Structures are given as structure tokens and as C-alpha cells.
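Student: Chain Z: place on chain F using the hints.
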Amino acid sequence: MDLEETKLPGVGLRHDFTTARGRRIGVISTRGGERELLVYSQDDPDACHAVIDLDGDEAEVLAELLGQPRVIERLARLREQIEGLATEGIYLEDGSPYVGRTLGDAAIRSRTGASVVALVRNGEVVPSPVPSQQFRSGDKIVVVGTQEGVRATAELLHNG
Amino acid sequence: MHTAALLIELGAVIFGLGLVGRLAGRLGISPVPLYLLAGLAFGAGGVFPLNAPEGFLDAASEIGVVMLLLLLGLEYSAGDLLGNLRRQAPVGVLDLLLNGLPGAAFGLLLGFGPIGALAMFGITAVSSSGIVAKVLADLGRLGNRETPAVLGILVLEDLGMAVYLPVLTAVLAASGVWEATGSVLIALACLAVALVVALRWGHVISKFVSAGSSEVTLLRVLGLALLVAGVAEQLHVSAAVGAFLLGISLSNDLEEEAHHRLEPLRDLFAAVFFVSFGLSTDPSSLPPVLLPALGLVVVGVGTKLVTGWVAAKRAGIAVPGRVRAGAALIPRGEFSIVIAGLATAAGVDPRLAALAAAYVLVMAVLGPVLARFADPWARAYVRRQREKAVTAR
Numbered sequence: 001m002d003l004e005e006t007k008l009p010g011v012g013l014r015h016d017f018t019t020a021r022g023r024r025i026g027v028i029s030t031r032g033g034e035r036e037l038l039v040y041s042q043d044d045p046d047a048c049h050a051v052i053d054l055d056g057d058e059a060e061v062l063a064e065l066l067g068q069p070r071v072i073e074r075l076a077r078l079r080e081q082i083e084g085l086a087t088e089g090i091y092l093e094d095g096s097p098y099v100g101r102t103l104g105d106a107a108i109r110s111r112t113g114a115s116v117v118a119l120v121r122n123g124e125v126v127p128s129p130v131p132s133q134q135f136r137s138g139d140k141i142v143v144v145g146t147q148e149g150v151r152a153t154a155e156l157l158h159n160g
Numbered sequence: 001m002h003t004a005a006l007l008i009e010l011g012a013v014i015f016g017l018g019l020v021g022r023l024a025g026r027l028g029i030s031p032v033p034l035y036l037l038a039g040l041a042f043g044a045g046g047v048f049p050l051n052a053p054e055g056f057l058d059a060a061s062e063i064g065v066v067m068l069l070l071l072l073g074l075e076y077s078a079g080d081l082l083g084n085l086r087r088q089a090p091v092g093v094l095d096l097l098l099n100g101l102p103g104a105a106f107g108l109l110l111g112f113g114p115i116g117a118l119a120m121f122g123i124t125a126v127s128s129s130g131i132v133a134k135v136l137a138d139l140g141r142l143g144n145r146e147t148p149a150v151l152g153i154l155v156l157e158d159l160g161m162a163v164y165l166p167v168l169t170a171v172l173a174a175s176g177v178w179e180a181t182g183s184v185l186i187a188l189a190c191l192a193v194a195l196v197v198a199l200r201w202g203h204v205i206s207k208f209v210s211a212g213s214s215e216v217t218l219l220r221v222l223g224l225a226l227l228v229a230g231v232a233e234q235l236h237v238s239a240a241v242g243a244f245l246l247g248i249s250l251s252n253d254l255e256e257e258a259h260h261r262l263e264p265l266r267d268l269f270a271a272v273f274f275v276s277f278g279l280s281t282d283p284s285s286l287p288p289v290l291l292p293a294l295g296l297v298v299v300g301v302g303t304k305l306v307t308g309w310v311a312a313k314r315a316g317i318a319v320p321g322r323v324r325a326g327a328a329l330i331p332r333g334e335f336s337i338v339i340a341g342l343a344t345a346a347g348v349d350p351r352l353a354a355l356a357a358a359y360v361l362v363m364a365v366l367g368p369v370l371a372r373f374a375d376p377w378a379r380a381y382v383r384r385q386r387e388k389a390v391t392a393r
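The listed protein sequences derive, respectively, from chains F and Z.
Heads up: the first sequence begins at 1 in full-length UniProt numbering, then just goes up one per residue.
Heads up: the second sequence begins at 1 in full-length UniProt numbering, then just goes up one per residue.
Warning: the hint list may mix true and false statements.
Said to hold, decoys possible - Some residues of chain F that are not near chain Z, with every Cβ distance over 12 angstroms (derived):
(1) Thr6
(2) Gly10
(3) Ala20
(4) Val27
(5) Leu38
(6) Val39
(7) Ile52
(8) Pro97
(9) Asp105
(10) Ser115
(11) Pro129
(12) Ser137
(13) Arg151
As the list claims (entries may be wrong) - Using C-beta positions, here's what the derived DEER-type ranges look like:
(14) Z:Pro287 with F:Gly33: 16 to 26 angstroms
(15) Z:Tyr381 with F:Gly33: 28 to 38 angstroms
(16) Z:Trp377 with F:Leu66: 48 to 58 angstroms
(17) F:Leu62 with Z:Gly79: 25 to 35 angstroms
(18) F:His15 with Z:Ser214: 29 to 39 angstroms
(19) Z:Arg314 with F:Arg21: 50 to 60 angstroms
(20) Z:Val193 with F:Pro45: 44 to 54 angstroms
(21) Z:Gly111 with F:Phe17: 35 to 45 angstroms
(22) F:Gly89 with Z:Leu27: 52 to 62 angstroms
(23) F:His49 with Z:Thr391: 44 to 54 angstroms
(24) F:Gly22 with Z:Leu27: 54 to 64 angstroms
What the hints contain is simulated information worked out from the structure, not anything from laboratory work.
Since we're looking at a predicted model, the values are computed, not measured.
Cβ coordinates follow ideal geometry from the N, Cα and C atoms, glycine included.
Isolated chain F (complex conformation) (with noise of 0.2 angstroms):
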């Protein structure tokens, strides 16, 4: 994918890119922070087939849209399209003997067969923590494996 830059004297810059697909999408960035969402028209490729105006909030909205919470939604959506696969988020609470530890320390994959794939911490998602990452009381640990791996890792993750 090439992510063209073009400067546009006097009202900002526009970056646009084919998609696998052949279709050209682009934004304007004017100085004054408002985007404009850009569809190229099929039969007229130096042409616009829809051009949608955003100020700074909307764009901010649908970057976030278009990319954060990504992570999550694959989780759900992974849940729905493997039968025998548990995905589960579990919270790691006050009494756990794994607050203030490492990820390695609980070695929950050797001892459980699943696998840690996000750490969500105060509405942050940490995707694929390494194993160096320490846990803190309220963190929600997602967990992939069979259904009685996700449930040996919760209880682990209880009582040790």
C-alpha cells in the first residue's frame, strides 16, 4: 500500500492510497484541523465520487473507529468462529497472588494450555503482553484456550 502525500497550496495536505481492491480513498488535512473524507470515483479516477466533510471531533471519532478497539472486536468476533475455543476476560482481584507479579511468574500457559492475548487497564488495551508485564489489582486478563483451560487459568489466577 502507498500512501501518497500531495501538498495543497493554501488549503493543507491530502493523503490518499489504492486499497487491495482498486478502490482510491484519501484525506484532506486543512490547517484548521477539519478533514475531508475522500471516495474516488470508479469510472473517473481523477475524480471524487463522494467527498464527506468532518470537523476535528467527527475525524477523531472515526479514526478511533477505524482502528483502536479493533483488538477487541477480533476477540469477539474469534469466540463466534472457533467452536471449542473460550475466550474469556477475567479480572485479577485485590487477593490475588498475582497482583504486583509478572505475567511469567504465573506461567499460565505451560500450566494451563491457554494463552494471555490482552491485559485491558483502565479502558487501555495492552495486546500481546510480553512476559516481563506486571499485573495490578482491577486488571482484566482475556484468556484464549479450551473451555477447561480458561477456566484452570481463572482459578490460578485466584487462589495461585
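Tutor: Below, chain Z without anything else, positioned relative to chain F:
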């Protein structure tokens, strides 16, 4: 008593402009031609002659020109200008010659003399960057692939004007051939120095201007603009160019803030400028120049279509985009009036002002209309091509 008359007439003029501007918004055209019409109607020999407070209007319209050019300069950084120059110089030269020479020829034919012909060159050469940019935005064409080529031409025209205006003012002010050559050289030298300063030390000027509250910034920018414009005028470089160059040198760090603060002022004073140009033109001088003006319009539409075609073709754009680019470039506007104003103030044939007014009136209305027509035409063209391709298979 005097104050009351001044306030009442001024209020009437500005309020009237507000009404006219709203009408322009409704019709989807630039307010410039309507301001001109309003000026014609209120001026000497108009439908409703107004004993306007002349001193004030004169001063305000001078400020209007300075503001127009200052804000124009703020749009571009020196880097933008040079980059465009490097990429598109051949198209820029073609644009200015192709559109300017017919104007100069008409000027000579009508007996305006060589200086009048020089002024006519500028009047027909430049598109109105304000109107073109607005039309492109209104029609949702900012994202089109021919648009950078169109905007590039506008930039080059503006840069071309930065060279042309000091030459014109020097020639207008000089009395003999030798004196004219001398003042042109001085003007060009000043221009070169100013450009180098803008390129090298633009950030120093910005820093100097931009300390403190937005009120302070406003006063400093405006004050500096008027100062620079005044000094430039003294050196026969033309106040407008001084303001333009200042705008360029401020554009890197300050543009957004300055834009915000100065735009309303520009709108006000520029409107006064267009009105007072209309005021100083006698409507009864329009009919005799109507035919030549229409001739110029026909030629001018054709030459801008050619310019747009060539520029878009160089950028690798297909036929529909080339026509759209040409049609977008058609409107003439504020610059043509600025040039005509300079020329008439220096005592060139008064018919030139009438011709310029008629020309701009027609072009500024016709341009956006033609630009709009280019879209359905382009769609029809694309459809035809596709049908042809299908039958060929």
C-alpha cells in the same frame, strides 16, 4: 452634523454590502461582482448617487488592497512558492503569456497606449485565486487529482503578480523611458532582497511579531503590514507587493493565528475597496466598452481552458479532469480590479477602468457557472467512452 452624515452614509454602504453579500451566497457566486455593481449604482452617474465620505473610503480601500495581498501571502510559505516554481514554471509562463497577450493586444487596439496595454496584460492574465479556491471547495473538487495542478497555477500567478505589480507601478510612476527602466530595476532589486529576507529570516520576523496576547499580535501584524506597504509604496514597489512579501515571510509560524484575526478585517476592507472602485467608475462609460469586453471574455475563456488542459495533462490527468481544470481557472476578480485601480489612479485612459469592470463582472459570474457545467460534461464524456469501449469489444 458632519459626523452624523459620515456615519449614516457609511452605515448604509456597509449594511447594503451585507445584503448584497447574502444574495451572492444564495446565488452561489462570488460577492466581488455584486460589490462592483453596488459601487456603480451608488457612484456618480449611478441610479442612486451617494455623497459618500470620500476620504474615508479612499483610505479604507487602500487598506483593503494591503489586506488582500497580506492574507494571500500568508497562504504560502516561501518554500511552497519556490517548490511550485521549480515544478510548474513552464505552465506558469504559458498561462501568463497566453492569457495576458490578448489583453495587451486589445489595449493597443483600443488606443490605451503601451502602459495601458501593460495594465491590460495583467488584468486578463490572472485568475482570481479567491474565487477559484471557493468554487473548488463548493463543488467538492479539492480532492480531485487535477486540483494540485490548478492550485499550483494560482500560486504561480500570485508569484507572477509579485513581480508584475512593482514593474507596473514603476512604469506608471515614471515619466520617460530611461526613468522607467531605472525604477523597474530598483523595484525588482527591492523585490529580490525582500524575497531573500522572507526565505532566510522569516522566522525572526514571525518571532518579533507574535509575542503576547492575540490582541497584541493583531496590532503588530496589521501595523507592520501597513508600515511595510507604505515603505514599499515610497520605493515604487507598490504597497500591495510589500504586504504580499510580508505575508510570505510570516507564513510559517503565524499563519493560522494571523488568518483567524485578520480575515474579518480583510473581508471588510476588501469589500470597501471593490465598492469604491465601482463608485469611481461612471456607469455610462460601460456601454461603449461592452463589445470589446465580451470579445475579451470569449478569448479569455478559451485561453484559460487551454492553460488548464496543458497543466492537467502534464500531471497525467485524463480528458475530463483537463476540462475541469481549465473551467475552474476562468474567473477573474480581485487582482484585475487592483491592477485597473492602480492604472486609473496613475491617469491611464479612463475607459480602461470601465473595460476592466465590465470584464470582471462577466468573468466572475460566468467562471463559477462554467466550472459547474464541467462536472456533468465530464460524467457524460466518461459514459460515452465506456460505451465506445464496449461496442469496440
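Student: Does each hint fit the structure? Answer for all of them.
Tutor: Outcome of the hint check:
The claim that Thr6 (chain F) lies off the interface is violated: its Cβ sits roughly 5 angstroms from the closest Cβ of chain Z, which falls inside the 12 angstroms cut-off. Not every C-beta of chain Z lies more than 12 angstroms from that of Gly10 (chain F), the closest at about 4 angstroms, which undercuts listing it as non-interface. At roughly 20 angstroms from the closest C-beta of chain Z, the C-beta of Ala20 (chain F) stays outside 12 angstroms, upholding its exclusion from the interface. The non-interface label for Val27 (chain F) is inconsistent with chain Z: the shortest C-beta to C-beta separation is roughly 9 angstroms, within 12 angstroms.
Interface exclusion of Leu38 (chain F) from chain Z breaks down, the closest Cβ pair being 4 angstroms apart, not more than 12 angstroms. A beta-carbon of chain Z comes within 12 angstroms of the beta-carbon of Val39 (chain F); the shortest separation is about 9 angstroms. For Ile52 (chain F), the non-interface assignment is contradicted: its Cβ lies about 9 angstroms from the closest Cβ of chain Z, within the 12 angstroms cut-off. No Cβ of chain Z approaches the Cβ of Pro97 (chain F) within 12 angstroms, the least distance being about 55 angstroms, so the stated non-interface status holds.
Interface exclusion of Asp105 (chain F) from chain Z stands, the closest Cβ pair being 52 angstroms apart, more than 12 angstroms. The non-interface label for Ser115 (chain F) is consistent with chain Z: the shortest C-beta to C-beta separation is roughly 44 angstroms, beyond 12 angstroms. Taking the minimum C-beta to C-beta distance to chain Z, about 41 angstroms, the non-interface status of Pro129 (chain F) holds against the 12 angstroms cut. The beta carbon of Ser137 (chain F) sits about 46 angstroms from the closest Cβ of chain Z, which is more than 12 angstroms, so the claim that it is off the interface holds.
Distance to chain Z confirms Arg151 (chain F) as a non-interface residue, since its nearest Cβ pair spans about 53 angstroms, more than 12 angstroms. In this structure, Pro287 (chain Z) and Gly33 (chain F) break the distance hint of 16 to 26 angstroms, their C-beta atoms being roughly 49 angstroms apart. Checked against the given bound of 28 to 38 angstroms, the beta carbons of Tyr381 (chain Z) and Gly33 (chain F), roughly 36 angstroms apart, stay inside it. The hinted window of 48 to 58 angstroms between Trp377 (chain Z) and Leu66 (chain F) is violated, with their beta carbons roughly 35 angstroms apart.
For the pair Leu62 (chain F) and Gly79 (chain Z), the beta carbons lie near 31 angstroms from each other, so the given range of 25 to 35 angstroms is met. A hinted range of 29 to 39 angstroms for the beta carbons of His15 (chain F) and Ser214 (chain Z) is consistent with their spacing of about 31 angstroms. For the pair Arg314 (chain Z) and Arg21 (chain F), the beta carbons lie near 30 angstroms from each other, so the given range of 50 to 60 angstroms is not met. Between Val193 (chain Z) and Pro45 (chain F) the CB atoms are about 45 angstroms apart, so this pair conforms to the stated range of 44 to 54 angstroms.
Restraint check, Gly111 (chain Z) to Phe17 (chain F): a C-beta distance of roughly 57 angstroms breaks the suggested window 35 to 45 angstroms. The given range of 52 to 62 angstroms is respected by Gly89 (chain F) and Leu27 (chain Z), whose C-beta atoms sit roughly 59 angstroms from each other. In this structure the hint that His49 (chain F) and Thr391 (chain Z) lie 44 to 54 angstroms apart at CB is violated, the actual value being about 25 angstroms. Hint check: Gly22 (chain F) to Leu27 (chain Z), Cβ distance near 40 angstroms, so the stated range 54 to 64 angstroms is violated.
Consistency note: the structure conflicts with the earlier hints numbered 1, 2, 4, 5, 6, 7, 14, 16, 19, 21, 23 and 24.
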